[in-house]
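Construct the entire structure; sequences and hints are all you get.
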Amino acid sequence: MSSTTNTTTIGTIGAPSRRNTELAMLVFAVLIPVFAYINVGLAKDGSVPAGVLGYALGVGLLAGVAHLVVRKWAPYADPLMLPIATLLNGLGLVFIWRLDQEPQITTKQLGGAMAPGQLMWSTLGVALFLAVLVFLKDHRVLQRYTYISMVVALALLIAPVFFPPRFGARIWITIPGVGGLQPGEFAKIIIAIFFAGYLMVKRDALALASRRFMGLYLPRGRDLGPILVIWALSLMILVFETDLGTSLLFFGLFVVMLYVATERTSWIVFGLLLSGGGAVAVATFESHVQVRVHNWLNPLELSNGGVTETAQAMYSFGSGGIMGSGLGQGYSRLIGGIAPKSDYILATVGEETGLAGLMGILLLYGLLIERGIRTALAARDPFGKLLAIGLSGAFALQVFVVAGGVTGLIPLTGMTMPFLAQGGSSVIANWALVAILLRISDTARRPAPAPAPSTDAEMTQVVRP
Amino acid sequence: MNKPLRRVAIFCGLLVLALLIRVNWVQFVQGDELKNDPHNRRVAIERYSMPRGNIIVDGKPVTGSTTTDSGDFKYKRTYKNGKMWAPVTGYASQAFDANQLEKLNDGILSGTDDKLFFSRTVDMFTGGNKRGGNVVTTLDAKAQKAAFEGLGGNKGAVAAINPETGAILALASTPSYDPSKFAGNTDKDAEAYNALQKKNDPDEPMLNRALRQTYPPGSTFKVVTASAALENGLYDDVDAKTRSPLPYTLPDTHITLDNEGPIPCENASLRVALRYSCNTVFGKISADLGNKKMKAEAEKFGFNDPEIDTPVRAAESIYPTDNRPQNAMAGIGQASNRATPLQMAMVASAVANGGKLMKPYMVEQLEDKNLNAIQQHTPQVMSHPLSPENAQKIQDIMETVVKEGTGTNAQIPNVTVGGKTGTAQHGENNKDNPYAWFISYAKTAKGTPVAVAVVIEGSDTLRNDIAGGKLAAPVAKKVMEAVLESNK
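Chains A and B, in that order, are what the protein sequence lines are.
Counting in this note's numbering, the first sequence runs from 1 upward without gaps.
Counting in this note's numbering, the second sequence runs from 1 upward without gaps.
Take these hints with a grain of salt, some might be off.
[Unchecked claim] Simulated pairs of lysine-lysine, BS3-like, Cα-Cα distance not exceeding 30 angstroms:
{"#": "1", "chain 1": "B", "residue 1": "Lys403", "chain 2": "B", "residue 2": "Lys356"}
{"#": "2", "chain 1": "A", "residue 1": "Lys44", "chain 2": "B", "residue 2": "Lys199"}
{"#": "3", "chain 1": "B", "residue 1": "Lys199", "chain 2": "B", "residue 2": "Lys181"}
{"#": "4", "chain 1": "B", "residue 1": "Lys359", "chain 2": "B", "residue 2": "Lys443"}
{"#": "5", "chain 1": "B", "residue 1": "Lys241", "chain 2": "B", "residue 2": "Lys293"}
{"#": "6", "chain 1": "B", "residue 1": "Lys74", "chain 2": "A", "residue 2": "Lys108"}
{"#": "7", "chain 1": "B", "residue 1": "Lys198", "chain 2": "B", "residue 2": "Lys103"}
{"#": "8", "chain 1": "B", "residue 1": "Lys145", "chain 2": "B", "residue 2": "Lys446"}
{"#": "9", "chain 1": "B", "residue 1": "Lys145", "chain 2": "B", "residue 2": "Lys188"}
{"#": "10", "chain 1": "B", "residue 1": "Lys403", "chain 2": "B", "residue 2": "Lys300"}
{"#": "11", "chain 1": "B", "residue 1": "Lys3", "chain 2": "A", "residue 2": "Lys202"}
{"#": "12", "chain 1": "B", "residue 1": "Lys3", "chain 2": "A", "residue 2": "Lys137"}
{"#": "13", "chain 1": "B", "residue 1": "Lys300", "chain 2": "A", "residue 2": "Lys44"}
{"#": "14", "chain 1": "B", "residue 1": "Lys60", "chain 2": "B", "residue 2": "Lys142"}
{"#": "15", "chain 1": "B", "residue 1": "Lys188", "chain 2": "A", "residue 2": "Lys108"}
{"#": "16", "chain 1": "B", "residue 1": "Lys145", "chain 2": "B", "residue 2": "Lys181"}
{"#": "17", "chain 1": "B", "residue 1": "Lys103", "chain 2": "B", "residue 2": "Lys199"}
{"#": "18", "chain 1": "B", "residue 1": "Lys181", "chain 2": "B", "residue 2": "Lys83"}
{"#": "19", "chain 1": "B", "residue 1": "Lys35", "chain 2": "B", "residue 2": "Lys115"}
{"#": "20", "chain 1": "A", "residue 1": "Lys44", "chain 2": "B", "residue 2": "Lys130"}
{"#": "21", "chain 1": "B", "residue 1": "Lys74", "chain 2": "A", "residue 2": "Lys44"}
{"#": "22", "chain 1": "B", "residue 1": "Lys60", "chain 2": "B", "residue 2": "Lys103"}
{"#": "23", "chain 1": "B", "residue 1": "Lys74", "chain 2": "B", "residue 2": "Lys115"}
{"#": "24", "chain 1": "B", "residue 1": "Lys60", "chain 2": "B", "residue 2": "Lys488"}
Keep in mind the hints are simulated off the structure, nothing from the lab.
The structure presented is a predicted model; accordingly, all values stated were derived computationally and were not measured.
So this is what it looks like as structure tokens:
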């Protein structure tokens, strides 16, 4: 008829896509690490490093392609997540390259220079990010794989038990020729998908069928099943893989998602009691955990007359002070081994960029988490909400557990800083995580499609005089 | 689901906040403490990242710096005649930290002190080569050499002071050690260092006996007792008879106090009593004055002061609160009172300086690498243990000791020398070798440039009071001559 547009569609004006904001931010996210790279070279050799052009082009190309793909396949996605992830990954590469410049910790036995490998893993990570955005048209598709996800996640979590421990924790799968893989990093995404799917179906039963006791809604005995299973599983991780961080991450993730799904505070209380009790119980007989706790309580204690890694990390932070020693001018290599590039990368950040730089990095993580939670708030479907909060919650817990461990707030664990630290599994998995969050946020912010013209409305118009 | 989501958001915010607070705590609140922790290797790396400044004696450095290729450290400390100067310089080792002047002035020597801020800032613009500032000492190279060589193979120590300023002129301790042997960071350095430790070497070569070891002062303490007698008005005239019976029985006991051989001590004047070193006379003076007055006088000379910083802190010399017989024995330096060689040199210097005790010090000035003074020492009065008249009287009788008493070995032609010998018993029933003491000062027409204290441990052959005069006085004499020579 005469009019195909509709007078009642206020929604079509909708949210702007913000892709240009993202592009502007990305320029900063690429330039800052490039300047950092030049800074390191000037500090170490007094000249601009030869690889700077290649590095700038490489990171710029990755960021550019990622941006174009987001523009095409997820035009309404959150504009900040990609720049923050790019900045953290770029800075991580600079810090690893900077530590590669220290011959003492870049020997053949320790695996030599690690920045080229990390650049390759980052490229793979971005590739996975692109693949997720291109092929996952709608995050709700993942809901179909709820129980497959459970099986895969369990397999990934249990697999490291059959491999020898590395650095005191069994969180690695060793593949000859390829190297080590930390399945926990992937499991964190897959298990969030499982929880989201499972809880979306069961949340009413878990929330409503409960008894009131001392002001708390206690779940029925049979509804306790799933949480007890997950609790037992996380304790098993702690016992067999001797890693407090992974255990804390999975149990915390479950409690957070359960709370969001059921809106029942009792789950939090229940979860805290279970995790606290479990951790204390395990710590009383697990020597590896005891050592970690002991080092945490006595960070500067000498062991066999030598300074421990924990103490070296504390000295790094302290020596950095407020402004830091400057990139390339610190001594975080004293931590020894490859630890300064992986678990202790924050010590280098703290020493060389000081309190100012470290707080900046932590705020970047905080901002990324905040954008993730905002996505959860904005999502329209319960599965999307649960998945987004699960992924952001897991990310937040991981940042807290790692940064808290390295700075001595909590006992040290074997996980690494997302994006920043050396390690292929971590960087690939976290790019995939950001991709899923972007997909949810694109769906959430996408304007509602214009409703089909209502035939009723037209009928009404016709009879109008 | 949005309400719990908001709560989770707040929870995540709190997690990040906790991290921010923690890094502020570690990097800001605890930052300096961690930065300067002795186990923090950065301290040593910084210390040896540029040529270390020198410790200067008589305008010439007694230290140096050389490049090394031992890992983190670019430079290494070297010492010239390290054994002789170790009690002054201390050591600075890449592996074993530092002590004494090397440690106390580490900021200046390594160039990191805030006082060098200006010089560092200038360097930043002019691109001048980096190096630490210097520490200029008050020591007299000739006197130090005389002291070190005088002690020779004996175990002992010498401290010499300029009585007019308190400037330390010599500070020797034997057996000594060479700090350059373990200045580096290799296994050889560690071996050398371990061999010097007390458990491996009972002679304790790393012990700075001149400052850090206390000994029973023996008869040299009679100078303090005589001063107490005059200051408290017990006696006024050093040539008048004292009320001193022979034999003398210690108060509250039936134990008689003996003299060394048949010397004329009955009712002897202070001059005669000091000349022959009469135990009975000074024991009784101490008993007559009582513990409180004796302690007060000793404290004016510097006893019971735990913070005599030269700037290297000297061990505390003790005059304790004690019962009457013990206090009487303390008057002759044979009870639980103990003194460092520096303390006894301070006693001699206070007497020589007309009763005014100057605070001992050994750093004249701190300077930056361009020899601009950053900090200059000004002599300070520490106390007035004697009135000028009484100081004159004590000088008079101490000069008699050297002229015709137990200290004739310290005589120097054409120079007025006052002194006092001492031989302190050591061990239960005196079974260990005694300590031979000598304290003295030398006076010329131009002034009193030196007071010295010498102690030698374990002089096996000589057990009577003559030991001090035989063994220690010649060393004191050489040190005084060296100072007089440099003052000419």
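message: Check the hint pairing lysine 44 of chain A with lysine 130 of chain B against an upper bound of 30 angstroms on the C-alpha distance.
response: Judged against 30 angstroms, a Cα distance of about 18 angstroms means the pair holds.
message: Would the hint linking lysine 359 of chain B and lysine 443 of chain B be met if the CA-CA limit is 30 angstroms?
response: Distance ~20 angstroms between lysine 359 of chain B and lysine 443 of chain B Cα, so the pair holds.
- prompt: Within 30 angstroms, alpha carbon to alpha carbon, are lysine 403 of chain B and lysine 300 of chain B?
  reply: holds (28 angstroms)
message: Just to be careful, I want the Cα atoms of lysine 3 of chain B and lysine 202 of chain A compared with a cutoff of 30 angstroms; is the pair within it?
response: holds (19 angstroms)
Pairwise hint evaluation, lysine 188 of chain B against lysine 145 of chain B, where the allowed Cα distance is 30 angstroms at most: holds (29 angstroms)
query: Regarding the pair lysine 241 of chain B and lysine 293 of chain B, is the alpha-carbon distance no greater than 30 angstroms?
result: holds (22 angstroms)
- prompt: Keeping to a limit of 30 angstroms between CA atoms, is the pair of lysine 3 of chain B and lysine 137 of chain A held or broken?
  reply: holds (28 angstroms)
message: Just to be careful, I want the Cα atoms of lysine 181 of chain B and lysine 83 of chain B compared with a cutoff of 30 angstroms; is the pair within it?
response: holds (10 angstroms)
- prompt: Can the restraint linking lysine 74 of chain B and lysine 115 of chain B be considered satisfied, given a maximum Cα separation of 30 angstroms?
  reply: holds (24 angstroms)
- prompt: Does lysine 446 of chain B lie within 30 angstroms of lysine 145 of chain B when you go C-alpha to C-alpha?
  reply: holds (24 angstroms)
query: Keeping to a limit of 30 angstroms between CA atoms, is the pair of lysine 300 of chain B and lysine 44 of chain A held or broken?
result: Violated - the C-alpha atoms of lysine 44 of chain A and lysine 300 of chain B are around 59 angstroms apart, more than 30 angstroms.
- request: Quickly compare the C-alpha distance for lysine 199 of chain B and lysine 181 of chain B to 30 angstroms and report which way the hint goes.
  value: Given that 30 angstroms is the threshold and the Cα spacing comes to 18 angstroms, the pair holds.
Checked against the numbered hints above, the structure breaks hints 2 and 13 and satisfies the rest.
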